[in-house]
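A.B. asks: The primary structure of each chain is shown beneath.
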Amino acid sequence: MSLRNKLYYSLINNSSHNALCIQGCYCNYNQLSERVACIQQTLINHSVSPSRIGIVLSDTVDTYAAIVAILLLGKTYVPLHPSHPAERIQQIVSQADLDIALTSSALSNLENITCVDMSSLIADGNSPIISKGDFSNSYAYILFTSGSTGIPKGTPITYGNLDSFATGFYAIGYQLTPQDRCLQMFDLTFDLSVVSYLMPLCAGACVYTLPDKGMKFTNVYSVLEEHTITFALMVPSILSFLRQYFSEIHLPQLRYSLFCGEALSADLVTEWQKCVPNATIDNVYGPTEATIFCTWYRIDTTGTVGATNGVVWIGKPMLGVNTVVADDEGNLIPTGEKGELCLSGNQVTKGYLDNEKNKTAFFTLNGEQYYRTGDLVLLHTDGNYIYCGRSDHQVKIQGFRIELAEIEHHARTAFGCHAVAIVFTNPQGINQIELVLETEATNKSDIASTLKSLMPAYMLPAGIHFVKPLPLNINGKTDRKELAKQIAIAI
Amino acid sequence: MDSNEIYAHLQKIYCTILKKDQVTLTDETTAADIDGWDSLTHMLLMDSVEREFGIKFKLMEIMKFNNVGDMVACIQKKLAAK
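Just so you know, the sequences run in chain order A and B. For any residue, its number in the numbering used here is found by taking its place in the first sequence, counting from 1, and adding 325. For any residue, its number in the numbering used here is found by taking its place in the second sequence, counting from 1, and adding 1.
So here's chain B without its partners, still in its complex pose (with noise of 0.2 Å):
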């Protein structure tokens, strides 16, 4: 899957879990751009994704993603290992 298809995928969910018509998302954007996404919804966020792609995060990766574009390196990466 390429990255757009991820990002279109990562748009639907966010838009989801946090109750938006539109959410905008890029490699560069972070929790602190996006309103409503808190520890809370990032629970709910990263749970989602899981399912939508069908992979697993560790502990670890999640708390090196610094942005989007970290997160979507790691969907890409897990994957291409599946």
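Next comes chain A alone, as it looks inside the complex (with noise of 0.2 Å):
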């Protein structure tokens, strides 16, 4: 049965559960579906019936059956962050063709586009429909990833690339019931987000939000704890700062404890096993590109890890994934040798909105096309892949994908000078990003201010710095290492 299919039974069959726990309210199923019908009859009645809808996130029931109800519909969904610098979003809307945007409350219009709003929409006894036919080559949602040029990306992922990902979640052996608890803690333009929600909508089960005040790591320990969560997919930075309680930490009812986003440190998951007795621990890697995940690792109960340099293995990929090992020119790099993971299968977008980006991240091999994730990975000789790295400035700060090519565009064009910027890993094995300038020293706070009406909250760097000249490698190029050693001193 496709995923759509079973969202549809599910809101059908699961009326009295709770589907949705947001802000400590609780929504069930018949509640959902009301939500769900009423926004559909306004898409379907809205004069142009578009084809692709933004949402205007926010953390309401709202924003969730709008989801529900465009996935239904068989339509595609695009989230706007409110947040987001104004420009970032009217790429977006551009970008994706949108004619129409679905907000929860009045206040949050945009420009140069049809906002309705839901909470005036009110319902009228329908219930949901599901569209007829094959969708599987339709897209289901778009997201947009940092850009090095300082255009964000988009990625559509179908109907089929996500009926294939779940064929591979369930393959896994992972089995939820509509007596789960589950956490949703990623921003729904993140496709972590995706299998947070919508894995447990199809199986009748309840999601369950962060509060919107305070920590987002308390926030996350305060879900687990107060609503006895069973199945919770992370980012690894939230072990990072839960590190120093973890003798507090009890989590028996915990059945699924799932880590991705960034590099897992061996000795951190061994130490949350204690705190998870009863979990099983999965290490999931994948780009938004091939659908949520693609590869997984379990970690032995008996905790025996497979790790290199203390990083925990991205492991197998899942059913239906194909991968090689390539190098630069898309050649297959032998068995053991370090190289780019290329992916294939029907999880794997076929290319991003814009077609010009294909060119470079796509290549064919025996008839398949193969995506270039741009992560260095060794093949282990028991079939696990160990991640090495990136091969270019792509990196993860807690779990957002940033391309730091993308921060230095901004700051150079807005600034008018050189800037580099750099990951640096505190003591606490968490990343921030570090901005230089080539300038003299000037207002931080005023340089600060204008980064952020460019960039969202996520891409801000912690701390800037004024060095002028920079210092230059034997090729006359920025010699980053240098450079980091330089402001090291300095954070």
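Keep in mind that the hints are not guaranteed to be accurate.
[As the list claims (entries may be wrong)] Restricting the straight-line Cα-Cα distance to at most 27 Å, the calculated cross-link-like pairs of lysine-lysine (DSSO-like) are:
1. B:K20 with A:K810
2. A:K793 with B:K57
3. B:K57 with A:K541
4. A:K538 with A:K777
No lab work stands behind these hints: they were computed from the structure. Note that the structure is a prediction, hence the values are computed from the model and not measured.
Using the hints, put the two chains back together into the complex; each one sits in its own frame.
C.D. replies: Encoded structure:
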């Protein structure tokens, strides 16, 4: 059965079960269905019958109802984050060719697009509907990630991609039931949110989002503890934050503890194992382009962890995912040598919205289209992949994928000088970005507020430094390593 | 230690960690009021506060801090128990 069908029958069959717990308020499947139905009616009756629909995100039932409404209709949702800079939102609206966006409040109107305030829609007794037909080549959602030229990069994921992901997900053995309580800690612009709400809703389980006040890592823990969460996908940095309190943490009800989005430290996860004695712990890996995650590695219950340089392996491909390791020209690399991980199979997108970007990101091998992840790996003799870092300047900060070149582009354009973004790992093992400007020292808070108007919060540097001139290597390029040494003293 | 003294210590710690010349803290201040006070700096702040006062917070205590006032009350309680 397709995920769309699963979702539809779950809404119908689990009516009195809780579907969502948002800011401490529960919404059952019946109530969710009512919201889905009235949003669907609005979309169907809308004059242009749009196929792509923006959703101005907020932590509300209507935001989730809008996603479900769009998926059941076989249309495409494009999440728009109201706290992102207006210019970035406009770039997404125009690239995704959106005419309409659903909002949860009349206050969050956008320019150049029709906004429908869902809070003004009144349930009319209709039931949700599901569009019949084959939607496997239609886009389910389009997510925008950091683009090195400063323009966000749109990755469309089809219903066929999602169904393949689900097949692989179930094949791993994850079984969710209406009795499960699942954590959803991710921003909806980020695809780890999709598995965190969609798989539970398809199973009749309840999805718990994070409180909007306070610190993320304490909020994650309070939801895990207070709601006796049974399924949790988290970014490893949450563990780095919680580490010093592990002795106080005991979560026996957690059945599945998954980690994704960053390198997972072997030490950290073996300590975590004691906090979650009944959980299956998996390290999962995958780029947005390959639909959520596509390889997995299970942490042995005896505490032996496959790790290289202290980083847990990313494991084996999920069912239906084909992997090869290639060099820059797309030639295969012998087993056991380091190269770029390339992915194919029905989980992998056919290409970006912007065709120009596809020329370098994809190549064909034996009639199959492969996506170049930019991640360097080694294949262990037992079939597990070992993550060895990036081949470029893309980084992960608390799970968010960031092109350092994008930060540099914005800084260079705004301040008219050379800009270098460098990642540091602090003593707690958390990555942070430091920005170096090649200019005389000036007011840092002015610079910080300019950057804030150009980039989403997760891209903002933790510190700003002035170095003039920048150190150069023998090729005359900026010597990033030397620069990192120079500014490390100032951090 | 009275709360004014505690605040004087805290302002100093916050300035150092958040790399600011001045930070104004009151009982009602929350992370949302201060630029740069996020998950990352929060951890560093808690760590510095613990070392400055020679105390240790429990996770449950940190979770219940709704504002700076709650933290100051907790610091006072721990100092009194020393």
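A.B. asks: Each of the hints needs a verdict: does it hold here or not?
C.D. replies: Hint check results:
| no. | hint | verdict |
| --- | --- | --- |
| 1 | B:K20 with A:K810 | 19 Å, holds |
| 2 | A:K793 with B:K57 | 42 Å, violated |
| 3 | B:K57 with A:K541 | 21 Å, holds |
| 4 | A:K538 with A:K777 | 20 Å, holds |
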